[in-house]
Amino acid sequence: MKLTLNIWRQASTNASGSMQAYKLDGVDEDMSFLEMMDMLNEQIIRDGGEPVEFDHDCREGICGMCSLYINGQPHGPSNLTTTCQLHMRSFQDGDTIDIEPWRASAFPVVKDLVVDRSAFDRIIQAGGYISVNTGNAVDANAVPVEKKTADEAFDAAACIGCGACVAACKNASAALFVSAKVSHLALLPQGDAERKSRVLKMLDQMDEEGFGSCTNTGACEAECPKGISITNIARMNREYMSASIFGEK
Amino acid sequence: MNWITNFLFSSVGKKLIMSLTGLFLCLFLVVHMAGNLVLLDPNGARAFNEYAYFMTTFPPIKVASIFTMLGIAFHIIDGIVLSLQNQKSRPTKYAASKAGKSSSWASRNMGLLGVIIFFFIIIHLKSFWFEMKFGSVPYVEYDGNKVKDLHTIVMAAFKSPLYVLFYLISLAAISFHLWHGFQSAFRSLGFVHNKYTPIIKILGYIIAIGVPFGFALQPIAAYLIANGII
Ligand code: HEM
Ligand code: FES
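So the protein lines, in turn, are chains A and B.
Note that this note's numbering has the first sequence beginning at 512, numbered continuously upward.
Note that this note's numbering has the second sequence beginning at -16, numbered continuously upward.
Hints are computed from structural coordinates only; laboratory data are not their basis.
If you're wondering where the values come from, they're calculated on a predicted model, not measured in any experiment.
Be aware that a few hints might be false.
Here are the simulated lysine-lysine pairs, DSSO-like style, with alpha carbons at most 27 Å apart [to be verified]:
#1 A:K513 / B:K81
#2 A:K760 / B:K(-3)
#3 B:K71 / A:K622
#4 B:K184 / A:K659
#5 B:K81 / A:K622
#6 B:K76 / A:K622
#7 B:K81 / A:K534
#8 B:K76 / B:K(-3)
#9 B:K178 / A:K658
#10 A:K707 / B:K(-3)
#11 A:K712 / B:K(-3)
#12 B:K184 / B:K84
#13 B:K178 / A:K659
#14 A:K712 / B:K71
#15 A:K534 / B:K76
All chains should be modelled from the sequences, with the hints used to inform the complete structure.
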């Protein structure tokens, strides 16, 4: 395959960036998108240029490190797929592919396609945990949880924190991410103890980081590589309202 | 008391105000639309004027109208605040975006639709509400009762096809606003339910089409009556 790649190049956070075009020949349709990026970087290095920075780690769709806004969609055109699991067979020979970083004031560009997603870490640090001593692993089913609830909690826990929801949202809202974390802990008995304080702290941190609010467009759900449902956002709203109104603090 | 301001100024709190005022305005629209259907009657001058007299003098309605004004004000101010903050959260736009694949046009343009509705409300209030209250509306007498002849004012306004067209465009904006807004308000309130959410969605679509449609009949009927076509 022969491709034209329009890639966002930006030297540092405060530098101004621009889209730059690259030609890449000999791309195999069985390559993953990131292997194609590796191939491009090898070509750029051979030509004496500065390779394109992009994030990745596991390359098997579980860590949430890869990003990239590809042809107008986070993680590219395939549904329920991270960029590392996207393959070049999803494209045609001769295609032009636009590749941009996540765009959000809370996710400043570090370099090229790499953005700083530590805002998500700070939201988790604010309350996305349970402070019980876990000790040894307990027997399965020692704490009874209804199957439906367990499934809901598990679906929410599937969030890998990649930030595609923020990238997809017209408001750069982190509501889907935060609501997934709030839901997965609020639904389970282990998370119940800090249920009220958790949602208050996480949401306040989310607002402080400068993410937008939720207009319920549903773009996040449609673009989420793990299929996290916006029903979680409604649950988070409910949890936050009830914690604010009925909580002791 | 600090918690109240913290709560209402949080992103969830601001959307709570948006959804409550929005739903209240939906209720207002349904009542306003249904009441004004009197206009469809070519011989309805008296019925309409008596209805207008009732609506402007009956105390509970006067109280409700104050709430409506407040609701509009809060909805608009909150809408502006939210839109500005949301824009600040995404200062750099994408060079290429396929947002249309993952969300509806109406949901992405609530602010724009709101601005159109805002200008409509201003002009609408100036033409009728302001005239009725402070303008020099002629009086008519029905069985010894003197009431303002708003019907004549309405007919004079809708004699112009351009004015009718302006109403129809604004009603289309309201339709799109509610197409997304009605069901969105329930999500903002935290209400999602396997059984009821599908019903809310359908109800929202009925309101989004039915209310502007019912309203649209009125300037069209007034135009036809005023120009002697019916
Ligand atoms: C008849 C008048 C109106 C009605 C019935 C109405 C109704 C609604 C409803 C039900 C919502 C959904 C609330 C939610 O998602 O929680 C909404 C959202 C919104 N409205 Fe209105 N509205 C009206 C007029 C306006 C006006 C005049 C403006 C602005 C100038 C406006 C701006 C907005 C904005 C920006 C949103 C989206 C907020 C967000 O989700 O971020 N609306 N409206
Ligand atoms: S690199 Fe780990 S999910 Fe893509």
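message: Please verify whether B:K184 and A:K659 have alpha carbons no more than 27 Å apart.
response: 24 Å, holds
message: A:K707 and B:K(-3) were given as a pair; does the straight-line alpha-carbon distance stay at or below 27 Å?
response: 19 Å, holds
query: B:K81 and A:K534: Cα distance at most 27 Å?
result: 23 Å, holds
- prompt: Are B:K71 and A:K622 close enough, with their CA atoms no more than 27 Å apart?
  reply: 21 Å, holds
- prompt: Going straight from one Cα to the other, do B:K76 and A:K622 come out at no more than 27 Å?
  reply: At roughly 17 Å apart (the allowed maximum being 27 Å), A:K622 and B:K76 satisfy the hint.
- request: Starting from B:K178, check that the Cα of A:K659 is at most 27 Å away, please.
  value: 16 Å, holds
field: 27 Å Cα cutoff - pair B:K178, A:K658
entry: Within the cut-off at roughly 19 Å; holds.
message: With the threshold set at 27 Å, check whether the alpha-carbon distance from A:K513 to B:K81 stays at or below it.
response: Holds, at roughly 23 Å.
message: Hint check: B:K184 vs B:K84, CA-CA at most 27 Å. Holds or violated?
response: Distance ~20 Å between B:K184 and B:K84 Cα, so the pair holds.
- prompt: Between B:K81 and A:K622, does the CA-CA distance stay at or below 27 Å?
  reply: Cα-Cα ~24 Å, so holds.
field: 27 Å limit on alpha-carbon distance, applied to hinted pair B:K76 and B:K(-3)
entry: Judged against 27 Å, a Cα distance of about 24 Å means the pair holds.
field: Hint consistency between A:K534 and B:K76 [alpha-carbon to alpha-carbon, up to 27 Å]
entry: 25 Å, holds
Checked against the numbered hints listed earlier, the structure breaks none of them; every hint is satisfied.
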